[in-house]
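Student: Listed here are the chains, written in short residue letters.
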Amino acid sequence: MSTYAQKKGFGATVWDYLTTVDHKKIAILYLIAGGLFFVLGGLEAMFIRIQLAVPNNDFVSAGLYNEILTMHGTTMIFLAAMPLLFGFMNAIMPLQIGARDVAFPFVNALGFWLFFFGGIFLNLSWFLGGAPDAGWTSYASLSMASEGHGIDFYALGLQISGAGTLMGGINFLVTIINMRAPGMTYMRMPLFTWSTFVASALILFAFPPLTVGLFLLIFDRMFGSNFFDVANGGNTVIWEHLFWIFGHPEVYILVLPAFGIFSEIFATFSRKRLFGYSSMVFATVLIGFLGFMVWAHHMFTTGLGPIANAIFAVATMAIAVPTGIKIFNWLFTMWGGSIKFTTPMLYAVAFIPSFVGGGVTGVMLASAAADYQYHDSYFVVAHFHYVIVGGVVFGLLAATHFYWPKMFGTMLNETLGKITFWLFLIGFHLTFFIQHFLGLMGMPRRIFTFLPNQGLDAGNLISTIGAFFMAIATLILLINIVITSVKNQKVGNDPWEDGRTLEWAIPSPPPFYNFKQLPLVRGLDPLWIEKMEGKKGMTPAEPLGDIHMPNNSFNPFMISLGLFVAAFGALYREDYNWGVLVLIVGMGITLLSMFVRSVKDDHGFHIHKEDLLNDDDKGGKA
Amino acid sequence: MHVEDKFTAETWPAAPEKQTLEGKNKFLGFWLFLGGETVLFASLFATYLALKDKVPNAEHALAKDLFELPIVFVATMLLLTSSLTSVYAMYHMKNFNFKKMQLWLGLTVLLGFAFLLLEIYEFNHYVHEYHHTFTSSAFGSAFYTLVGFHGGHVAFGLLWIVTLMVRNAKRGLDLYNAPKFYVASLYWHFIDVVWVFIFTVVYLMGMVG
Amino acid sequence: MKRLAKWRMISMIAIITLLLSGCGEPFLSTLQPAGEVAKEQFDLMMLSVAIMVGVIIVVTLIFAIVVVKFRRRDNTIPKQVEGSHKLEIIWTVIPIILLLILAVPTVASTFKFADVSEMDKKNEEGKTDALVINVRANLYWWEFEYPNEEIITSQDLVVPTGQKVYFNLKASDVKHSFWIPAVGGKMDTNTDNVNRFYLQFDEQKANEAGDLFYGKCAELCGPSHALMDFKVKAISPDEFDQWVADMQSVKEPETAETPLAQQGQEVFNNSCIGCHAVTPATGAPEAARLGPNLTNFGERSRIAGVLDHTEEELKNWISDPEAYKPGNKMTNAYNKLTPEELDAVAEYLMNLKVQD
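Protein chains in written order, with this note's numbering: chain B, 1 to 622; chain S, 1 to 209; chain L, 1 to 356.
If you are wondering where the hints come from, they were derived from the structure by calculation, not from laboratory data.
Some hints could be false.
Derived BS3-like pairs: lysine-lysine, alpha-carbon spacing no greater than 30 Å straight-line [as the list claims (entries may be wrong)]:
| # | chain 1 | residue 1 | chain 2 | residue 2 |
| --- | --- | --- | --- | --- |
| 1 | S | Lys24 | B | Lys609 |
| 2 | S | Lys99 | S | Lys170 |
| 3 | L | Lys251 | L | Lys127 |
| 4 | S | Lys18 | B | Lys600 |
| 5 | L | Lys127 | L | Lys231 |
| 6 | L | Lys79 | B | Lys418 |
| 7 | B | Lys536 | L | Lys79 |
| 8 | S | Lys180 | B | Lys600 |
| 9 | L | Lys79 | B | Lys531 |
| 10 | L | Lys79 | B | Lys535 |
Computed from a prediction, not measured in an experiment: that's the story for all the values here.
When you get a sec, could you build the whole thing from the sequences and use the hints?
Tutor: What follows is the structure, given as structure tokens:
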């Protein structure tokens, strides 16, 4: 299909992407947008580290620092990590289960555009009077006291992008339940598909509490209600609960897909099936389930009382068990294998000790009585960066290298990839390991500066140096991407040569209908099974026939744009007369677009058998 | 079977909403969506219970002062009946009787609309008789948010069903719109179930104090 | 075998404790615990670290073997192993046991630290026998009220060593969190309710820390969150009683002695007294206590919690608070003072002392 796109002019390509409902193109959109926000969040991280390099620094002012730290967290979680994962889920999951698209291609596009406009809205706050400054957790008393419109941007922006995420979650769930190829039973699904499934279920149940929390915040700040106004009977602890009922599962929403990616990589480059597949699936589901039972461990110092604290402490510790199962299963997948240290495999291998580091500090934090010391100190900062960078970002970088050829049909440079890896690994540990000790030595988190003579100087300087390593690593990755794209050397179906799952059975990049004929799945790692029997590809499960495809649509863009416009109206409603009008116009655009979508018949189109045959002749195999 | 196929009462399948892959997906996706909606309302209920009767001073009306059984009882009956009429509509949809389906859907809409009017009257009553408003206290905010979210769902449901009715008035039933009618009625039942909880938690528990 | 494992565990804890206790400053570091609460938390920390280091060693061993031994050397296809129930049971059961070892003391300590029943035991006068301090956190300063002794002070918390000190914690504007790292874990000061906990200050450790512990705000509360420090003077019970008596003796604002200070007092009474009290009485409602109580300002350890306690810094602070604590509530609350007025006020304030 990329050959088609190349023949088109630039404008036509842009229009194609604005209206696409193809999961592979939406994946690329997620990757571009998520990558952009990742760089933005990374820049914010650099500002933070530069400011904290030496005591009493004045690189950024106190207020600006709070805006940067808030936007760093919010951007990285909502606008970088999750969309990037969504990108890979979109690109790979349907291929892994042998589907031609996701269940709701239109909703898939809508989900992306909602996320995108939400993210843009949030970041426009930088230019429109200041970004949110109450931390990504935006605790109610502070977020109510915060002046200007920063928090309003936060609440409205996240509301819009959150709606997109929720849609994506439902979409993936239905896709996996309803659209698996013949023979692809649940217990034959690749781990990445399984983790996408569980993460999507978590999204479905975790995002509504955030939605409610954000609504309460919006109502309080913009419409005069009193949910968090103590003087009028309100209660700010409600926000803490709602936020963390969402916030803790969110961690698993991020890390489970990363686990899935690593599971694929370990098996592939060890040339060995995943050790203890069924216990891996069980552990994934169990982690997802337990993820909902532990939110109050973020609130040990809020004063919920010893009974609540003790229960949540023990429940939190319980999560260590399935996580431990996973770690050992990965190790024993490699045990007895034939390990090839490609760039993705390097990330996977480095992930184990890094993530174990984050895991064990997680157990330490679970110990409520001791957490009174760790809570809101740099120990926590170190812990969650070990989990999120050591787990999720490593997973994303691994996936970028691993799936790049499948998504774009060309391999990222391995040498540059390995340089990126080593710089990133060193930088990561240099930055965050020392922060455990800074926290234990009495450094609270979220401080814009620290005074000298408190024993904190050396640690902070080391941490800042580490951050620069990571920044350089990211730069090299970007250079790698540019070089690779310019060279554009095409690769075949299975560029790593050790592919085990269905996505490696079709061309890179796949044609827009993915599978000419749906494959017949005969077991776990279906392609590997065929390869071991000396076959080149999958056995088709159906005769060649017409393929039904959905039409492109500009509606998702317009629906999202309407909400984007309406959000400005809600925000400026009390400042300017035109606020209400803009609010109405925005909602009008959205409702009208939905109405058009609803009224118009859209049956999609068919690719005819003959065209599919022709595609083969033209060398559609890339 | 294709979405464009024309049907008669004889060829119409037993479960038209799940005949096509699109229909099956819609059916499942909507159930999942309702799962998310359940968590949304659960959060709102929890917030309401935490803030119930939380007012700045003794001059503000509390739940036990506000609610009166007759009006809420009538509202409940209206909505419960509308759920029943939508069941009839789906019965006729499955029997390929488009006209009767439209008729029962029309009744559902009328009942839903009456419910909404009653709710607006009720809110108006609280505001003017008791000065119990969205901004007067945390209790007020929580009450209007919970019940208002439900009311908003009712309004959206009405808009949705009317759009479906108008849109398909000339087309009649086919496998493309059968799932649409079906999930709209699912949505309507969900709204009804939520109301049963609101009736119990907000009104009945409010009146006993 | 079991005993051996136990000894291994204990020796590991000992080694780690030695390694870590060198970390940080004695007045700030949680790794140099200076009281019963911090000590117990430190022990819990060491127990969990020991267990975790054990886990890390096992993982690292397997990891090292795997990475070295199973590199790809030729093109053979390894045996496709499905799994091993025996192994899987092992690495499910052992972690559960390890977690139980940690969970039991965790739960015990959690309940112990929450035991504030002494605060509810009132004697005939309606007061508690235990020392209770009401902490009120504000943007960006701390108020400490001693309800039994009926005195108020700010910024420098004064406590006796060797006994449990109970705290009522709340915030008057946004949420803060009360943390004295060397002495014990933190507790949030909420806007909604009063939280309660206790700490104990160790005499010997207090001496090592120069009798002055650093306290921090641990919850993001606005631009100057980083600067919302307070200090804790931990002194012997006798000295503490003397300090209380000295504070209680201030019934009326003390009249300044030198002419310059008298001039300063006049300026103070015109510009500052609306927010800052100079008597420690607890009578005024909280809403009227807009700024830190300055009764014993001359004996404090810092200006505004973070600046050196000198007249120069005091004048800097008063002339432009925004430059030192962005977002504070003092900026623009009074008319700008002339240099002469500044000198006078500084002289007056630095001489506000209760101890002789």
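Student: Hint by hint, say whether it matches the structure.
Tutor: So, going through the hints one by one against the coordinates:
| no. | hint | verdict |
| --- | --- | --- |
| 1 | S:Lys24 to B:Lys609 | holds, 25 Å |
| 2 | S:Lys99 to S:Lys170 | holds, 11 Å |
| 3 | L:Lys251 to L:Lys127 | holds, 21 Å |
| 4 | S:Lys18 to B:Lys600 | holds, 21 Å |
| 5 | L:Lys127 to L:Lys231 | holds, 26 Å |
| 6 | L:Lys79 to B:Lys418 | holds, 29 Å |
| 7 | B:Lys536 to L:Lys79 | holds, 21 Å |
| 8 | S:Lys180 to B:Lys600 | holds, 13 Å |
| 9 | L:Lys79 to B:Lys531 | holds, 15 Å |
| 10 | L:Lys79 to B:Lys535 | holds, 19 Å |
Of the hints listed earlier, there is not a single one the structure fails to meet.
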